[in-house]
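Between the sequences and the hints, there should be enough to build the whole structure, so can you do that?
If you read the sequence shown in my numbering, its first letter stands for residue 1, the second for the next number, and so on.
Just so you know, these hints were derived from the structure itself, not from any lab. All values reported here derive from a predicted model rather than from experimental measurement. Just to be clear, a hint being listed does not mean it is correct.
Below are the EDC-like pairs computed for lysine to aspartate or glutamate, each with C-alpha atoms no more than 20 Å apart in a straight line [as the list claims (entries may be wrong)]:
| id | residue 1 | residue 2 |
| --- | --- | --- |
| 1 | Lys-308 | Glu-283 |
| 2 | Lys-513 | Asp-495 |
| 3 | Lys-160 | Glu-136 |
| 4 | Lys-161 | Glu-46 |
| 5 | Lys-260 | Glu-299 |
| 6 | Lys-294 | Glu-346 |
| 7 | Lys-160 | Glu-133 |
| 8 | Lys-511 | Asp-491 |
| 9 | Lys-345 | Glu-299 |
| 10 | Lys-239 | Asp-251 |
| 11 | Lys-202 | Asp-246 |
Distance ranges between label pairs, derived from CB positions [stated by the list, open to error]:
| id | residue 1 | residue 2 | range |
| --- | --- | --- | --- |
| 12 | Gly-630 | Phe-242 | 49 to 55 Å |
| 13 | Asn-317 | Arg-610 | 27 to 33 Å |
| 14 | Arg-610 | Gly-188 | 46 to 52 Å |
All C-beta atoms, glycine included, are put in the ideal place defined by N, C-alpha and C.
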Amino acid sequence: MKKTIKAIAIVALLNTCVYAQEQDSTKVNLLNEVVVSDTKFVQNKEKSGKVIEVITAQDLTKKSGQTLATVLSQVTGVEINGNQSANGKNLGYYIRGGRNRQVLILIDGIPVTDASGISIEYDLRLLPVEQVERIEVMKGAASTLYGTGAATGVINITLKKATKKELQGNAYVTIGSNNTADNHQYNGQDFNQGLSVGGESKNVNYFAGFNSTESKGMSQIAGENYELDSFSRQNLLTKLGFKVTDKLAIDFFGNYDRIKNDYDGTFDNTGFNDTDANITTSEQVRFGFSPKYKYKKGEFVLNSGFTKITRDYSELNTFSNTVEYSVYDSRSIVIDAFNKYNINKEWFVILGANYQYNDMNSNTPFSTIENENTKFNIIDGYTTLVYNSNFGLNINAGARLNNHSAYGNNLVYNINPSYHFKTSFPLKVIASYSTAFVTPSLYQLYSEYGNANLTPEKNTTVEAGFETEWVKRKVKLNAVAFYRDQTNAIDFYFDPVTYDAFYVNVNGESKAKGLETSLNIALTSKWQLNGNYTFTQVDKALDRLIPKHKANASIGYQPTSRTFLNLDYQYFNARNDVFFDGASFGVITTQLNSYQLVNASIKYELIKNRMTIFGAATNLFNEEFVENIGYSTRGRNFRIGLNILL
Numbered sequence: 001m002k003k004t005i006k007a008i009a010i011v012a013l014l015n016t017c018v019y020a021q022e023q024d025s026t027k028v029n030l031l032n033e034v035v036v037s038d039t040k041f042v043q044n045k046e047k048s049g050k051v052i053e054v055i056t057a058q059d060l061t062k063k064s065g066q067t068l069a070t071v072l073s074q075v076t077g078v079e080i081n082g083n084q085s086a087n088g089k090n091l092g093y094y095i096r097g098g099r100n101r102q103v104l105i106l107i108d109g110i111p112v113t114d115a116s117g118i119s120i121e122y123d124l125r126l127l128p129v130e131q132v133e134r135i136e137v138m139k140g141a142a143s144t145l146y147g148t149g150a151a152t153g154v155i156n157i158t159l160k161k162a163t164k165k166e167l168q169g170n171a172y173v174t175i176g177s178n179n180t181a182d183n184h185q186y187n188g189q190d191f192n193q194g195l196s197v198g199g200e201s202k203n204v205n206y207f208a209g210f211n212s213t214e215s216k217g218m219s220q221i222a223g224e225n226y227e228l229d230s231f232s233r234q235n236l237l238t239k240l241g242f243k244v245t246d247k248l249a250i251d252f253f254g255n256y257d258r259i260k261n262d263y264d265g266t267f268d269n270t271g272f273n274d275t276d277a278n279i280t281t282s283e284q285v286r287f288g289f290s291p292k293y294k295y296k297k298g299e300f301v302l303n304s305g306f307t308k309i310t311r312d313y314s315e316l317n318t319f320s321n322t323v324e325y326s327v328y329d330s331r332s333i334v335i336d337a338f339n340k341y342n343i344n345k346e347w348f349v350i351l352g353a354n355y356q357y358n359d360m361n362s363n364t365p366f367s368t369i370e371n372e373n374t375k376f377n378i379i380d381g382y383t384t385l386v387y388n389s390n391f392g393l394n395i396n397a398g399a400r401l402n403n404h405s406a407y408g409n410n411l412v413y414n415i416n417p418s419y420h421f422k423t424s425f426p427l428k429v430i431a432s433y434s435t436a437f438v439t440p441s442l443y444q445l446y447s448e449y450g451n452a453n454l455t456p457e458k459n460t461t462v463e464a465g466f467e468t469e470w471v472k473r474k475v476k477l478n479a480v481a482f483y484r485d486q487t488n489a490i491d492f493y494f495d496p497v498t499y500d501a502f503y504v505n506v507n508g509e510s511k512a513k514g515l516e517t518s519l520n521i522a523l524t525s526k527w528q529l530n531g532n533y534t535f536t537q538v539d540k541a542l543d544r545l546i547p548k549h550k551a552n553a554s555i556g557y558q559p560t561s562r563t564f565l566n567l568d569y570q571y572f573n574a575r576n577d578v579f580f581d582g583a584s585f586g587v588i589t590t591q592l593n594s595y596q597l598v599n600a601s602i603k604y605e606l607i608k609n610r611m612t613i614f615g616a617a618t619n620l621f622n623e624e625f626v627e628n629i630g631y632s633t634r635g636r637n638f639r640i641g642l643n644i645l646l
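Shown next, in the form of structure tokens:
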């Protein structure tokens with residue numbers, strides 16, 4: 001078995017991987033794709049100084065039945081821990097040795113966070129993949145453009161919007177099983193359904209979508225005699241746009257997201273606290289608007305958003321045999337105004353100002369936090385100068401001055417040159433040096449474990465690589481090597497003697513380095529090879545749940561324009577995990593074994609461009625594996641679905 005794993009890992013390292021595509025997709029020039037993440041404005045990928053991973057709407061249709069976390073976990077250099085566990089399991093985001101607090105998530109260009117969370121990160125479980133139109137993943141420090149939190153990567157999610165038709169609707173439903181490896185109930189245990197409607201008429205466009213998800217059949221905690229935990233989610237998304245003039249457009253958005261699930265409580269002398277009383281609910285309300293004004297020399301954009309999140313927990317206290325309640329509330333306001341000015345055909349400059357406000361309050365059995373005392377605001381000014389020559393040289397350089405109400409000023413900057421060789425063998429070489437910072441969360445500052453003397457974490461990233469395509473653009477290859485240095489890291493300290501517990505800045509530096517590479521080979525109009533490999537090596541302080549080697553591979557076939565078949569393979573190297581030992585009050589490190597997964601899917605258009613059915617099977621060989629110590633993972637499961645375009 002070990003020889004098999006090594007052999008497949010080597011194959012993945014060589015990127016001999018596959019997935020199916022539309023028959024005319026071999027004509028797509030990778031370097032002619034457009035991206036927005038590294039300048040906030042649309043530009044050709046060939047002029048970008050980054051290797052930006054793009055997941056298009058077409059790519060998402062090929063991954064029908066997968067969650068957003070599962071889709072992202074297949075991206076080069078990205079690990080979304082928990083995507084193979086029960087639906088209610090908390091997710092961990094790992095990019096280039098960084099964790100949740102160092103990965104910034106944007107929705108339609110607006111940073112999203114939970115200001116009451118320990119790591120202040122956005123919860124990807126709130127968002128159904130069916131409401132997503134496109135995703136860009138940009139790795140590396142990006143605080144110059146995006147501020148705090150963009151230390152190891154930016155995940156820029158674009159939600160669906162109105163089509164060019166006056167009226168168009170979409171309805172879908174999927175049914176699947178939800179088993180662990182030792183459970184074989186293949187009746188309906190996981191349901192996902194939704195509908196949307198949108199269109200454009202004269203100078204007005206609109207979109208509205210609803211999604212509902214329910215699942216049961218798995219316990220979050222691994223082991224026997226634990227109750228099965230349910231999960232439910234409801235989402236409502238609305239968008240409304242007005243084209244005021246040929247130069248001015250204003251877009252409005254609003255969405256409501258709610259998840260509710262059972263969970264397994266704290267560990268005591270009898271094991272995990274697992275009763276019907278353990279229920280958590282997370283409710284999010286977001287709304288905002290975004291005017292865009294184009295003029296002769298450039299474009300001005302103002303992105304604004306308000307977010308309110310409420311999380312509540314009920315948990316049985318096994319000592320008093322009473323149910324205890326905890327509530328966390330947070331509010332966030334983001335206003336980001338930025339302007340692109342074209343100096344001439346080769347030079348343009350971006351000037352921007354950003355304002356963020358965050359507050360929180362909580363009421364738990366242990367403490368009460370009032371938002372009058374638990375808040376901060378950030379005011380940033382930033383600029384980026386971009387040079388795009390007509391002979392292939394591109395330079396992106398910028399700086400940002402952050403003014404934090406608790407910490408004063410922080411300066412970050414970046415320099416990102418690249419060169420595109422415009423020959424029959426197109427090649428883009430890149431390099432960058434960038435800095436970033438991560439401010440402590442409100443919880444880390446003001447909770448019962450808070451420390452008002454914490455200072456922001458600082459990151460520096462150096463990277464170099466290339467992107468190319470050849471053989472009439474049928475072979476596409478990229479590779480990036482990176483080195484990241486982290487100082488003032490924030491961690492949790494527990495004294496087993498005094499039982500004191502609080503957040504501290506860790507002295508010294510922590511380093512991460514690695515290599516990210518991917519390859520696509522279009523063998524014919526019906527077959528294509530696609531895969532990626534990530535090598536990540538981190539210092540001991542960062543070494544948790546980060547596989548040193550990770551690979552994704554697939555093979556697909558599209559025999560007709562209506563039929564699509566796909567076979568995926570994933571390899572995860574051994575990782576370290578930690579758990580709290582209630583007997584010794586110490587933190588124990590353990591190693592999780594490597595594992596591999598094989599998945600398959602088939603899609604067929606019953607009515608071309610109107611009605612599609614699909615089927616999917618995950619973990620075909622029903623492999624038993626551990627994603628997090630003590631938690632269940634999915635075994636062999638099946639899913640079928642129907643999508644109708646009205």
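Hints versus structure:
For the given pair, Lys-308 sits about 8 Å from Glu-283 by alpha-carbon distance, which is consistent with the 20 Å threshold. With a C-alpha separation of about 31 Å, the suggested pairing of Lys-513 with Asp-495 is violated against the 20 Å cut-off. Annotation: proposed proximity of Lys-160 to Glu-136 holds, straight-line Cα distance about 14 Å (limit 20 Å). Distance hint between Lys-161 and Glu-46 is unfulfilled; the C-alpha atoms sit about 27 Å from each other, more than 20 Å.
In summary, the hint linking Lys-260 to Glu-299 is not supported, as the alpha carbons are separated by about 42 Å, beyond the 20 Å threshold. For the proposed pair Lys-294 and Glu-346, the alpha carbon gap of about 19 Å is at most 20 Å, so the pair holds. Distance restraint check for Lys-160 and Glu-133: the Cα-Cα separation of roughly 5 Å lies within the 20 Å cut-off, and the hinted pair is therefore satisfied. Our distance criterion of 20 Å between C-alpha atoms is met by Lys-511 and Asp-491, whose separation comes to about 16 Å.
This hinted pair checks out: Lys-345 and Glu-299 have alpha carbons roughly 15 Å apart, not beyond 20 Å. Under the criterion of a C-alpha separation no larger than 20 Å, the hint pairing Lys-239 with Asp-251 is consistent with the structure, at around 7 Å. This hinted pair checks out: Lys-202 and Asp-246 have alpha carbons roughly 12 Å apart, not beyond 20 Å. Separation of Gly-630 from Phe-242 is about 52 Å and conforms to the stated range, judged on CB atoms against 49 to 55 Å.
About 55 Å separates the C-beta atoms of Asn-317 and Arg-610, a value inconsistent with the hinted range of 27 to 33 Å. Checked against the hint of 46 to 52 Å, the C-beta distance between Arg-610 and Gly-188 comes to roughly 25 Å, which is inconsistent with it.
The structure fails to meet hints 2, 4, 5, 13, 14 from the earlier list, while all remaining hints are met.
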